[in-house]
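Assemble the whole structure, with the sequences as input and the hints as a guide.
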Amino acid sequence: MLIRLGPPLTIALLAGPILLGLGGTLLPAFGYLPALGGEAVTFDPLRQLLAEPGIWMSSMVSLASGLVTTLVALAAVMLFVAGWSGTSMFARVQHLISPLLSVPHAAAAFGLAFLIAPSGMIARLVSPELTGWQRPPDILIVNDPMGFSMMAGLIVKEIPFLLLIALAAMPQADAARTRALTASLGYGRIAGFLFGVWPPVYQQIRLAVFAVIAFATSVVDVAAILGPTAPAPLAVRLTQWMQDPELSMRFLASSGALLQLVITAAALIIWIGLERVGALLRKFACEAGWRFGRDTWLRQTALAAMVFAAATVFAGLATLCFWSFAGLWPFPDVLPDTLSAKTWVKTAPRIGSPLATTFVVALLSTLLALLLSVLCLVREDETGRIGGRWVLGFIYLPLIVPQVAFLFGLQLLFVLTGTVASLPALVFVHLIFVLPYVFLSLSDPWRAYDRRYEAIAAGLGKRRWATLFRIRLPMLTRALLTAAAVGFAVSVGQYLPTVLIGAGRLDTITTEAVALASGGNRRVIGVYAFLQMLLPAIGFLVATLLPALIFRHRRALRA
Amino acid sequence: MTQQGLFLDTVSIALAGRVLLSVTHRIAPGEVLTVMGPSGSGKSTLLAYIGGFLDPAFQASGKVFAGSIELTALPAQERHAGILFQDPLLFPHMSVAGNLVFAIAPDVTGRAQRMALAEATLAGVGLEGMGDRDPDTLSGGQKARVALARVLLSSPRALLLDEPFSKLDQDLRQQMRELVFAKARGAGLPVILVTHDEADAAAAQGPVIRIGE
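Taken in order, these protein sequences are the chains called A and B. Residue numbering for the first sequence follows this note's numbering, starting at 1 and increasing by one per position. Residue numbering for the second sequence follows this note's numbering, starting at 560 and increasing by one per position.
Because the hints were derived from the structure by calculation, they are not lab data. Backbone N, C-alpha and C define an ideal beta-carbon position, used for all residues, glycine too. One or more hints might be untrue.
Computed Cβ-Cβ distance ranges for the label pairs, DEER-style [claimed, not checked]:
no., chain 1, residue 1, chain 2, residue 2, range
1, A, T544, B, D691, 23 to 29 Å
2, A, G86, B, A761, 42 to 48 Å
3, B, Q729, A, T544, 39 to 45 Å
4, A, A537, B, H755, 50 to 56 Å
Footprint (simulated), chain A over chain B, 3 or more residues, beta carbon under 8 Å [as the list claims (entries may be wrong)]:
no., stretch
5, 571-585
6, 629-640
7, 754-765
Listing some non-contacts, in silico: residues in chain B with all C-beta distances to chain A over 12 Å [to be verified]:
no., residue
8, G589
9, L643
10, L648
11, H652
12, G669
13, R670
14, E687
15, T696
16, Q701
17, D730
18, I768
This is how it looks when you write it as C-alpha cells:
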C-alpha cells in the first residue's frame, strides 16, 4: 500500500507546489490578491513593471547570463569529454572536479569575488611587481554592469554538474569501441566523438542542460554576490521587491516573476534553436567527410579550460579560508601579516542557530527525499515499467521552472495558512528541490542492481520487506549514502526558498552569508562561506568513509 | 517436504505473442529434467516462472505442483524453489556463514543451533571452517559450493539450475556436477537443469527436453 503511494505522492509533491505556486504568482501579477486589497483584475502591476527604470537591461542580463553560461560550460565539458575520455588524464581531472559539485553556489561565488576583486588574491599576486599598484585600483570587476563576473561564477560551478551528468550518460554510448571505429576511419578524437557518441549522450542530458539554463537565467544568490547592481539582474530585483516592507510591492514582484518566466522560456527557445544549428553543422561536417585529424590544440584547450575552472574554485575557497583567519592583511601582501581565530570566536555565538537550522532542514528533507525515491523505485521494480520521458520531465520540473516564478506564490499560500517561517514549511520547500537530485542520483545504481539476488532471497523463503531491508538496501549502502550526500548539499545551498519561506525568521548559513555580501566584511563572509562549503563536504566524506568502515571485511563492497 | 515430485501442467510461456516453450512433465524426487536450447530461446524463463519472478513482459500460463501443493498459486517467497544461477550471487555484505544462516528457516531457533547447522552444511560441501570468510575472497569453485550449500539449507521443494556450471573451468565443472546431483539425489529433490551444454545433459542422466530448435 505504502509502495503504491510512492509515485503519486512524489509527482504530487513535485508538481503540486509548482502549479499552486504559479497560480499564487499569476493572480497578484494581474492585481488580484484580496488579502492585500487587490479585488479586481487589472494590468496595472504589469504597466508599473514596464515603467521600472532599467527593467529591460535587467531582463537582457538575465537572458544573456543563461545562454552564455550554458554555452561556455557545455562546450568545455563536451570538448573535454570528446578529447580525453578513456585516458588517465581524464580520470585525474574527473577526480579533481567531482568534489566541486558539493560546493554551494554562494560559496563558490564569494570565492571568485575574493580572487578577482581589485584588492583580491590575483591582484595581490601580481602587485606591485607587474602592475605598480600600491593600492587596489579603482576599477569595477566584481558586479560589472554586463554581468561577466557573474557568468564566470556560474560557469565554473556548472562545469562540474554538466561533467558528472554527461559521465552518467556515457556508459550507454559505448564510447571506447566507437572511438576505435571512428579512429580506424581516420577521424580525430574530438570529431569521432562528436559525430559518433555525443548525439545520444546529449539526448540523455538535455533536461539537465535545460535546468542549467533555467537556473542561470533566474539565480538570485550568485547574482547578488557577483552580478551587476544598477540595474541588478531581474531575479535579484524581484526578490528585493518581494521582501519590501511595503506589501503592495508584491503586485510588482509578482508581475516581475511573470516576466522572469517569459525570459527563461525565451532562453530555452533560443537554446533549442542553437541545438538545431549545432545538429545542422554536424550533419554538414559529416557529409563533407571532414576528419579533423589534427585536433591536439583543441584537446589541449579543452583540458586547460577544465583545469582552469577547477583551479579557480579551489583557489577561491582557499582565499575564503585565509580571510576567515586573517588578522591584519594590507594590500598588496599575498599573505596576511597575522593569522588569528578572532573572527571565528567573535562570530561563533551568532552562528549556532543558523547552523542548527541548516543541519536539521537538510537532514529532514534528505531523509524524506530518500524515502520517497526508494518507494518510487521499488514500485518501478514491481510494475516493471521504468517511467518514460514524461516522468523524467516531472522530476526535472522544479529545476526547469524558475524558482522565483512559483516560490512567490507558494510563500503567499504559506502566509495565508499561517505556516510561513515554520520548520515543516521550510523542510517541505527544500524537499521540492532535494528530491529530484536524490532520485536522479539513486536511480542509476538502483536500476543497475542484479535482481537475481532478490530471486535467490525469494527462493530462500524471504518476504519482500525482508529482502529489501536485509539484501538490497545493505548492498546499495554506498549509493544510498551518496544520494543522501547530494541531497544534503543541495539543501545546504538553497538560498531563495529559505529566504522566502523562512521569511527572515528561519535563517541558514546560506541566507546569512548572502545577506553579508553587500556589507563587504571579508573576514565574516569568509567564516560563513567556509562553513557553507564545509557542511556538504562533511556529508560526502561520511558517504565515502562509512561504507569503507562498515564493509572493511567485505572486499566486494569496499571499492 | 522433500519426498515429492514436481509436476509441470501445460506450462506455456510467450513473449509478444510468440510461444517460447510449452511443457507438460512430471519429475520424480531425485530425478533431473534437462531443458536444452540455444541462448535467447527463453529456457531460463521456465525457471523464472516456477520460482515466481518472471519478468512481467512475458505471458505465462499453466500450473506447477510440488506434490499436492500448487506452487504457481503461491507468492515467490512461499514456493521454496531453490535456484542456482550461473553466478554464485553470494550476498556480498554478509560473511560466508551469514549467507548460510540467512537461508535457514526461522523454525530453527537459537543462534548457536543455526550457526552449527550452517557449519555442518559447509563441511558437507568440503568447506569446513570457512564460515567467517568474506565471500569475495573465495575461489570460483568455493563460491559455487557455498551457493549450493545455501540453497540446500533452505529446505527447497525443488532445485532449479540455470546453467550453474557454465562459468566454471573444465575440471571444476565435472566436480560440481557430481556434487550437485549427488546432493539433490541424497535430499530427494526434483531438479530442473537449464543448459546449452550437452555434457551437462549427459551427466544429469535424465530426460531431456529441447526447445527453440
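Against the structure, the hints come out as follows:
For T544 of chain A and D691 of chain B, the hinted distance range of 23 to 29 Å is satisfied, since their beta carbons lie about 27 Å from each other. G86 of chain A and A761 of chain B have their C-beta atoms about 45 Å apart, which keeps the hinted 42 to 48 Å range intact. With their beta carbons about 42 Å apart, Q729 of chain B and T544 of chain A fall inside the hinted range of 39 to 45 Å. Evaluation of the 50 to 56 Å hint for A537 of chain A and H755 of chain B yields a pass: the beta carbon distance comes to about 52 Å.
Counting residues of the stretch 571-585 of chain B whose beta-carbon sits less than 8 Å from any beta-carbon of chain A gives 0, not enough to reach three: the coverage restraint is violated. For a cut-off of 8 Å, the count of residues in the stretch 629-640 of chain B with a CB near a CB of chain A stands at 6, and the three-residue condition holds. Beta-carbon proximity to chain A at under 8 Å applies to 0 residues in the stretch 754-765 of chain B; the threshold of 3 is not reached and the given coverage is violated. A cut-off of 12 Å between C-beta atoms confirms that G589 of chain B is not in contact with chain A; the least separation is 19 Å.
With 12 Å as the threshold on Cβ separation, the claim that L643 of chain B sits away from chain A is violated: the shortest Cβ distance comes to roughly 9 Å. Not every beta carbon of chain A lies more than 12 Å from that of L648 of chain B, the smallest distance being close to 6 Å; the non-interface claim is violated. A Cβ of chain A approaches the Cβ of H652 of chain B within 12 Å, the least distance being about 5 Å, so the stated non-interface status is violated. With a least CB separation of 19 Å from chain A, G669 of chain B remains clear of the 12 Å interface cut-off, as annotated.
Every CB of chain A lies more than 12 Å from the CB of R670 of chain B, the least distance being 16 Å, so the non-interface label holds. No Cβ of chain A approaches the Cβ of E687 of chain B within 12 Å, the least distance being about 20 Å, so the stated non-interface status holds. With a least CB separation of 6 Å from chain A, T696 of chain B falls inside the 12 Å interface cut-off, contrary to its annotation. No beta-carbon of chain A is positioned within 12 Å of the beta-carbon of Q701 of chain B; the least distance is around 14 Å.
Against the 12 Å criterion, D730 of chain B stays outside the reach of chain A, whose nearest CB is about 25 Å from its own CB. The claim that I768 of chain B lies off the interface holds: its Cβ sits roughly 22 Å from the closest Cβ of chain A, which is beyond the 12 Å cut-off.
Against the hints set out earlier in the document, violations occur for numbers 5, 7, 9, 10, 11 and 15.
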